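One-letter residues, chain by chain:
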Amino acid sequence: MADVNILGIACNWSPYCCYNAAGQAGLALPANFRLLRVMCIGRINQALILRAFEHGADGVIVLECEDADCRYGPGPEVGHTNVARVRQLLRYLGIGQERLVERTFQADQRDAFVAVIHDFAARIADLGPNPANPRQERVA
Amino acid sequence: MSRTARQNGDAPEAVLVVGSGYGALKAAEDLSHGGIPVVWAARARHFLELPPGVESFPEWPADLSFQFRPLYLRVTRHPLVTPLTQARVESLVQANGGCEAELVQDPVYVDYDLCTGCGRCQEVCPLNDSDHPPLSRSPAYCPSRSLLMDKRTTSPCRQACPLGVNAQAYLALTAAGRYAEALGVIRRDNPLPGVCGYICSHPCESACRRAELDEPLAIRDIKRFLFDYEAEEGPAALPSPATPRRGLRVAVVGSGPAGLAAAHFLNQDGFDVTIFEALDQAGGMLRVGINAFRLPRPVLEAELAALVASGVALRTGQRVDSAQALLDQGFAAVLIASGTPTDLRLNLPGEDLAGVEHCVDFLARMNLGGAVAVGPRTLIIGGGNSAMDAARSALRLGAKQVTVLAIETEDHLPAAPQEVTEAREEGVVFRLGCAPIRIVGQERVEEVIFRAAHWEFPADAPPRIVFDADAEESLEADSVIVAISQRPNLADSPLGAELDLGRGGRLNVDPDQATSRERVFGAGDVVSGPSTVVQAMAAGRRAAAAIAARLADGTPWRDLAQAPRGVGQPEPIAEELPQQPRQRMAQRQPRLRKRDFAPVDLGLTTSQALEEARRCLQCATCCECLACEEACGPVAAIDHQRVGQRLTIAAPAVIWAEAGPPPLAKGPEPANLFRVDPAGYSADLMDVLMNASAAAGQAMARAAHLRAPAKPRPPAPALADDGRLGVFLCACNGSLAPEGVLERIRDLAGALPGVARSQIIFSACNPAGAEAIAEAVAEQRLSRVILASCVCCPLNFQCISCNDQRTRVRLHLFERLGLDRGRFEMINLRDHLQAQTHGEEEIVAWARSQLGAAWLRSRHLGALRRGATEMGKRVLILGGSQVGVSAARSLALQGLEVRLVHRAWPSGGELPGAIAQRALEGGLDPRIMVVEAAEIGGISGHLGDFAVRAKLDGRWRTWKTDVVCLTDDNLIELAMYAGATGLKKFYRYDFSFFNTPQIGVYRVMPVTLKRVDPYQAGAALAGEVATTAAKAYLQDHQLSPQVDPERCRGCGRCVEICPFEAVRLEENPAGGYTAVVQRHNCVGCGGCVGRCPVTALDVPYFSNQVLEEMAAARLTSEAC
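Line by line, the protein sequences are chains A and B.
The letter at position 59 of the first sequence is residue 59 when you use my numbering, and the numbering goes up by one with no holes.
The letter at position 811 of the second sequence is residue 10811 when you use my numbering, and the numbering goes up by one with no holes.
Take the hints with a grain of salt, since some may be wrong.
One-sided excerpt, in silico: chain A residues whose CB lies under 7 angstroms from chain B [to be verified]: (1) 5; (2) 33; (3) 45; (4) 52; (5) 55; (6) 56; (7) 72; (8) 118.
Not everything, but these chain B residues come out facing chain A in the computed CB check (under 7 angstroms) [unchecked claim]: (9) 10061; (10) 10062; (11) 10063; (12) 10066; (13) 10753; (14) 10799; (15) 10800; (16) 10801; (17) 10831; (18) 11039; (19) 11057; (20) 11083; (21) 11086; (22) 11089; (23) 11090; (24) 11107.
It should be emphasised that the hints constitute simulated quantities derived from the structure, not laboratory data.
No experiment lies behind these values; they were computed from the predicted model shown.
Cβ coordinates follow ideal geometry from the N, Cα and C atoms, glycine included.
Chain A on its own, in the form it takes in the complex (with noise of 0.2 angstroms):
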């Protein structure tokens, strides 16, 4: 596998609870595989998930619960959003929109968190580093 970071960004309530169940049962994540928890994927700016491409993230997960499931009600709406926005973004930059990806969970859906993770990561991998430039001054 190539030498690649993942970020995850989770809400705290569903996919935090998958993250935190996947770990209970010692189901591994990708090593690369990093998390950001908030309080709600509302919680999340645009300027966050650019930031972490700037800091050399070479993909970027969203987490967050079902629409129906949010427990304050406009985080996901907030949070998709924000990852259409910054995916035209991602183009426009030349890193490429299928960095950035979002996925929906339940709060019982352990193994599909682990298996989603490991797809993108594997995804990643295939695609390679990120092209931007922060990336060689992290290198160096």
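Fit chain B to the known structure of chain A by using the hints.
Then chain B, alone, in the frame of chain A:
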């Protein structure tokens, strides 16, 4: 109020909620959050267990149970809730305007408040891989990781053993190949496993339940195997005796099984014991009465040596003639265990002829190395084990023909069947059903004359011999050995003269084994007459307990006579379980073995022992080997000795959500019993919850006098901050990482900049572990703390992935020990280290990455919002519908200030005809302030401080209130802004039925009135209102954001996105608009922060900057 002064004594007062499942959970939640103490009792093993037959609810997602976890944790860990699982209500009796409930809770062996869920107990449990493992975890959705232990009634083998030896446990350990531990289990109760492994009469096997299927377990043979297995490794060793010693000496007279057992247990308990043995060699009847081919001498010697090595002094060749003399020498107590060394005589003519011997005399001489000889034709009189010993010895001494003459028939011979069989195999002939009448001979015995006879057992007299025939028969014999039992020899000795003797010269003792003489005790055959080895040992142990209790305080070890523990019957024998005969020891052939005194049985092989031990049905499920108690270590959650509890609750109201009817006396159902019928579960989840909420509301009105006074707002902690950082690693009782790795992680953390202390805590969710953290924080004056455990955050609420252990850590640290949660950074290291599968370097690398991120977070920890809203007791109810009236009544009963407006309509709206014509229900509580009609201009303000403009009698006025309830449909527009569809979604998993987007304004939805009647709906509404109105203050959400007015350009996207009206636009001095967070309404989701296009909104505690730095740090692994 006088209602609080109850008559019925000490019974705690609380609303009783009975049952598990969502309904009971919802009822307990409403009550406890309404300030009412609750005792929650469920038959189930955890509170989310649904009633039988209910598995899921249609129309709800499959992860519904997960969604209930926060509710579960809020309730089970609420200070007003006493949660009791595996508990049932025995009776409900109406008393003092309420119900008196008798509850019984089964023993809970794993303490729910202590268990870390580390699973070490499961790892060491020898039965963990069996069909019915004693330790288990709740289903995944149950948020407690605590282990559950299944322990049925003590297994029959253990109950049958006079010593209470835990056969089930040593069979389980043997089956697991853990032989040393198995032997250790035996030695807890039996210091002579070798002796008993060879010759015990094994009452355990007679009780074995496996006999129902095929044959009982070969328990004794396995014990022998264990002893032999150990003997191959080295000398036998008993457990180390207690230190320090008590400084008290005890003399034991006699070194038979009773004396040895008593000496051992007294020695274990710290007494200095000296055994006095009259003969030159110790062992009593074990040595003189039992032949070497049954009990090999090296076995006896090894056991005696172990006893001496453990500290018991053994003085052979010392006949004791006076107990008083021993007391005078300084012994604190004397135990007479001198057994029955004297043979009983037939008292028949010819008994003193040459060639007639008595069994113990004969065996003793033989076994102590004296000269013995028997004639070619030897006749044994008697049918017990001693007779078999004599008969088989006679063969080995050269007799050509050995006959046993016994009065009993084959089925009733006192000797063990195996002894009889083996004797017969060796050539012993039996003449049964005959009693001798004389022995004939000139100088030596020549023949024995006998008649057919049998025993008769009259109810009121000793057994007697009844002859069946007049005909006399005879057998020729060169030797006769009379083996018809023994008696004590005290009557013949000066020692006996000091003591009160009873029938047959036996020593008289009281139930505490005390003789007529102060500090002189008796035990074993000298008291009971001839018995078995294990019975004599049990008597010795009882005497030891009595002596210890007499000389020192308390009883030092478990009372053997205790009632069996555990609850419930064994698992039925599975139909699939194949029949399998028991393993038999290999035996030497009869013609070979009768030539010498070498052992007859060769012992089980290792594979036989394993095979045999695996046959055990493990009747009690948990075998009580206690391996788990040791593994639990400092967590100390497991206690096998726990007993169930019985408690009485004075309940002003009872909520019944259990399957099956409540245990009521005949007659009308009490008015204060509210049912949440599990039958309704199949219909709809919301029906269940709504019914539960209605029940809780009604119960709350009856229990309002139990509500504790609302507590004033606690002062905010001081915030001195000099950046001294502490790192604590929760070892989770050694399960976080392998030994050595944890220390590496600790040192890694200790090397991070600014870290003043890096420390391993055995368990953070254990009270003592949390205290250790608090001590270190105080001692090191730490102002920032990183706790690496399974806890994910220090905040004061629970998510759906939260669990009981994580909740407990925070309760201990922040509520009980008063530490500032704002200073803690918590990371869940435990669940993602993968200590089971990952190698050491991977574990350390992961820990480094996680600790680095935490370290970064701790540098930027922002403030948690700590605002609070003062709550008053004013409730305004708009709409005098049945719901409104019911709610008003309930709230007035609860002591709240209620203003009820019968007819209300919004300005510009019209009053519907139905309401205009409606009459207000009479008989309202005079404390309710009733307004007949008012036009409502609008509601402004927030929870705790609403201003409602109302026009009545032609004049506008403003009512101030803490809470508003809208109970007529024509008023809904007052709370619902345009486009507020999908309201259900906002509160989907809060299960609050009356909320509106405006927190503090309640409404009743039409669907609610389809689920319950208006009266119940009103009660439920009142209960819901009370959960906020009864509080003194409500804390702001800790993650509530702030607006930077310099950046905000007033675009309004945040207002648009917030469903709770927690962001509003206000005019600014520049003539534009600036967003302002309404902290009372904010739920802390951060949706507005994510929506803001100019990053003007931010959550101080977890700022955008921190998120970005964290993201960067996560991606540059070497940065941390």
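Against the structure, the hints come out as follows:
1. 5: With Cβ-Cβ at 5 angstroms, under 7 angstroms, it holds.
2. 33: 10 angstroms, violated
3. 45: With a closest approach of 5 angstroms, the residue 45 of chain A hint holds.
4. 52: Residue 52 of chain A check passes; min Cβ-Cβ to chain B is 5 angstroms, inside 7 angstroms.
5. 55: With a closest approach of 4 angstroms, the residue 55 of chain A hint holds.
6. 56: 5 angstroms, holds
7. 72: Cβ of residue 72 of chain A sits 3 angstroms from chain B, so the hint holds.
8. 118: Because about 15 angstroms separates residue 118 of chain A from the closest Cβ in chain B, which is outside the 7 angstroms limit, the hint is violated.
9. 10061: Hint on residue 10061 of chain B: holds, closest Cβ of chain A at ~6 angstroms, below 7 angstroms.
10. 10062: Status holds, d = 6 angstroms.
11. 10063: With a minimum Cβ separation of about 4 angstroms from chain A (threshold 7 angstroms), the hint on residue 10063 of chain B holds.
12. 10066: At 4 angstroms from the nearest chain A Cβ, residue 10066 of chain B passes the 7 angstroms test, so the hint holds.
13. 10753: 21 angstroms, violated
14. 10799: Nearest chain A Cβ about 5 angstroms off; hint holds.
15. 10800: With Cβ-Cβ at 5 angstroms, under 7 angstroms, it holds.
16. 10801: With a minimum Cβ separation of about 4 angstroms from chain A (threshold 7 angstroms), the hint on residue 10801 of chain B holds.
17. 10831: This interface hint holds because 4 angstroms falls under the 7 angstroms limit.
18. 11039: Where the cut-off is 7 angstroms and the nearest Cβ of chain A is about 6 angstroms from residue 11039 of chain B, the hint holds.
19. 11057: 5 angstroms, holds
20. 11083: 6 angstroms, holds
21. 11086: 3 angstroms, holds
22. 11089: 5 angstroms, holds
23. 11090: 4 angstroms, holds
24. 11107: Result: holds, 5 angstroms to nearest chain A Cβ.
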